[in-house]
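Undergrad: If you read the protein sequences in the order shown, they are chains R and D. For the first sequence, the positions run 1 to 234 when this note's numbering is used. For the second sequence, the positions run 1 to 405 when this note's numbering is used.
If you are wondering where the hints come from, they were derived from the structure by calculation, not from laboratory data. Keep in mind that the hints are not guaranteed to be accurate.
To be verified - Mimicking DSS-like on lysine-lysine, the simulated pairs with C-alpha atoms at most 27 Å apart in a straight line are: (1) K26/R - K188/R; (2) K9/D - K116/R; (3) K6/D - K127/R; (4) K188/D - K170/R; (5) K232/R - K220/R; (6) K172/R - K188/R; (7) K318/D - K116/R.
All of these numbers come straight from a predicted model, not from anything done at the bench.
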Amino acid sequence: MVLRPRLFFINECGVRGQTMNFIVLKDIFKSYGDTSVLRGLNLEIQKNDFTAIVGKSGAGKSTLMNILGLVEYFDAGHYYFGETEILSGRDYSHLRSNQIGFVFQNYNLISSLTCKEYILLPTLYSKCPPCDVYNLAQMLDIEHLLSMPVGVLSGGEKQRIALARALVLKPKVIIADEPTGNLDKDNKNIVIRLLTHANEDGCAVVLITHDYYIASNADKIFELRDGILHEKYL
Amino acid sequence: MRSIYKTIKHSFLMVSRELHTYTLLSVSIVLSFSFLLGFFVYFDSHIYNKYKEVLSLPSTIIHVSPSALYNQNPVDHIKFQLLSDRLDRMNETNYFSYFVSDEELNHYSDDENKVIVHQYFIPGDAAGSYLYSGGFKQINVIEGSDTLVNPFEVLIDERLFSMLPLQQTGGIPTVVLPVTINGVTVLKEFTVVGIVSGRKESISTSSGVATHYCDVYMSRDLIIDYSCNYSEMGICIVSPYIVQITQLVRSLGLEVITTDYFQRQAVDQIRNQIILKGSIVIIMFTLLGLNLYSSFSNVLKERRYEIGVKRAVGASKKDIITQFFFEGIVVMGANICITLLLVLNLAVIYKLIQRVFYNSQWIININPHSITLFAFCAITLSLSSGFVFAFQSTQVEIIKYIKAE
Numbered sequence: 001m002v003l004r005p006r007l008f009f010i011n012e013c014g015v016r017g018q019t020m021n022f023i024v025l026k027d028i029f030k031s032y033g034d035t036s037v038l039r040g041l042n043l044e045i046q047k048n049d050f051t052a053i054v055g056k057s058g059a060g061k062s063t064l065m066n067i068l069g070l071v072e073y074f075d076a077g078h079y080y081f082g083e084t085e086i087l088s089g090r091d092y093s094h095l096r097s098n099q100i101g102f103v104f105q106n107y108n109l110i111s112s113l114t115c116k117e118y119i120l121l122p123t124l125y126s127k128c129p130p131c132d133v134y135n136l137a138q139m140l141d142i143e144h145l146l147s148m149p150v151g152v153l154s155g156g157e158k159q160r161i162a163l164a165r166a167l168v169l170k171p172k173v174i175i176a177d178e179p180t181g182n183l184d185k186d187n188k189n190i191v192i193r194l195l196t197h198a199n200e201d202g203c204a205v206v207l208i209t210h211d212y213y214i215a216s217n218a219d220k221i222f223e224l225r226d227g228i229l230h231e232k233y234l
Numbered sequence: 001m002r003s004i005y006k007t008i009k010h011s012f013l014m015v016s017r018e019l020h021t022y023t024l025l026s027v028s029i030v031l032s033f034s035f036l037l038g039f040f041v042y043f044d045s046h047i048y049n050k051y052k053e054v055l056s057l058p059s060t061i062i063h064v065s066p067s068a069l070y071n072q073n074p075v076d077h078i079k080f081q082l083l084s085d086r087l088d089r090m091n092e093t094n095y096f097s098y099f100v101s102d103e104e105l106n107h108y109s110d111d112e113n114k115v116i117v118h119q120y121f122i123p124g125d126a127a128g129s130y131l132y133s134g135g136f137k138q139i140n141v142i143e144g145s146d147t148l149v150n151p152f153e154v155l156i157d158e159r160l161f162s163m164l165p166l167q168q169t170g171g172i173p174t175v176v177l178p179v180t181i182n183g184v185t186v187l188k189e190f191t192v193v194g195i196v197s198g199r200k201e202s203i204s205t206s207s208g209v210a211t212h213y214c215d216v217y218m219s220r221d222l223i224i225d226y227s228c229n230y231s232e233m234g235i236c237i238v239s240p241y242i243v244q245i246t247q248l249v250r251s252l253g254l255e256v257i258t259t260d261y262f263q264r265q266a267v268d269q270i271r272n273q274i275i276l277k278g279s280i281v282i283i284m285f286t287l288l289g290l291n292l293y294s295s296f297s298n299v300l301k302e303r304r305y306e307i308g309v310k311r312a313v314g315a316s317k318k319d320i321i322t323q324f325f326f327e328g329i330v331v332m333g334a335n336i337c338i339t340l341l342l343v344l345n346l347a348v349i350y351k352l353i354q355r356v357f358y359n360s361q362w363i364i365n366i367n368p369h370s371i372t373l374f375a376f377c378a379i380t381l382s383l384s385s386g387f388v389f390a391f392q393s394t395q396v397e398i399i400k401y402i403k404a405e
């Protein structure tokens, strides 16, 4: 299989149903010291894909997510993000701010900010217009939390705030690392429903989880095993 | 531009929200800069107060006195006459001779106060001139006449005037003073025609009696016409020919003191003290820089997680640099303002203490060089701290600190 970004398919309107490889990883290697985590990993994500990546703890799921989210460098291989070939060692903050919505497993909130300030944080670094924060907050049922400091929230509220922050600039891809890992069933359902809605609105979603039930919401499921991805059919 | 505006606004927000992380740093900045500014204010004020009188004098005043302790030697009179003859022939040169009684006359005294009157015998039109009495001082008439028309008129200083009995201050005040004529001391009534600004200090003796030193300026005619006794004599000269007159006076075997000499001596001492100040400032600047570097580094340690998160959600290095640079500037600026207020208040308190407890007019002074130097230190250290803070903030590895949290 030859993996190349099909740039000529890119349509700024993002019409659902058209196929185009938005993210392409080819022969990606990553190791920490002597421990090899990714060993020639390949992945194609199209613009409207809802992709789940599952795997055991320590399989390298978070490393893969960090590489996909452009916050960690890979050792070897090729990574195409839209039209851009990602080169290891360079800073792609403009892609992170304008095109990627990151949802972290441990929320990564900034305790000195209020919920609204935290949700609007990416707008400081992007020229893209944000969506209406109150609408977004209503969808996530967090409008009553907006003026509160993030430090006082419950786990589920924190994750919804983190999700709102990831969605505020209407990114082209959402990368979510175990977004339901610390949540109860109700909150899990809220988060999955929102990710599904975002995907239906034309946003590619990459969901990293060890929970096959959660993964079953995705269109494609890959298992990360031995440093490479294996497609799974549920 | 809008992006920078947003980042600056965010910097202010973060400073207000992260005050707890800036507390120690702020204390460090305020203490360090207060020490620096306090040093400047104290140093400059000390120099100013020490030399203000000397430096305010005209540099053209020369005082001549006999070399011997006993001044009624006829030879001295001849020397003075020779000197007067030469001075008469010099252009732009004015002079007058005067006499001083060295007897500390305890004329006014009671259980609590003792007044010691120091008598100067001057020409009738000598007001406004300078005399030498342990230092140059001006006969500065602040009220009344500045001329002594007849021998029993007198100019007295403020302190003595304030101690005159009330009934005298209502009309034409008079003062009874002792004069020694041909070895016999008698009390004479003098009409006070003018008040001269004078020394205000009083000294309390161990027995609890306050001793007041007062100056009176009497007519020189008392010496010439009434043969009053005196113990010192001198000539005060105002002339631009300082070197020539000094050489002439020395060739006559007389003592000479000039305001120019005192001023050059003062300038030399000030120069030495400025060199000392410069050395101390260099050392303080270095220590301050190291202290700020260390303090800002400590603050940054507490903010690495925040930087990691911001970088992960899209902040570029430039955004982080801008935010932390402005945070550094805001924190430095605010603390320097606090420092200015603190030092100003401390200086005023010190001035009040000097006034209340030591009866001394301590004038707060800071010269333009010190202001420039302090501004240089403040701006340089603010900018460099801001840059270092900003640069260190970009050294944060995103994943490392997100994971660490």
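Undergrad: Now look at each hint and say whether the structure bears it out.
TA: Here is what the structure says about each hint:
no. : hint            : verdict
1   : K26/R - K188/R  : violated, 32 Å
2   : K9/D - K116/R   : holds, 15 Å
3   : K6/D - K127/R   : holds, 11 Å
4   : K188/D - K170/R : violated, 105 Å
5   : K232/R - K220/R : holds, 8 Å
6   : K172/R - K188/R : holds, 22 Å
7   : K318/D - K116/R : holds, 24 Å
Violation of the numbered hints given earlier is confined to hints 1 and 4; the remaining hints are satisfied by the structure.
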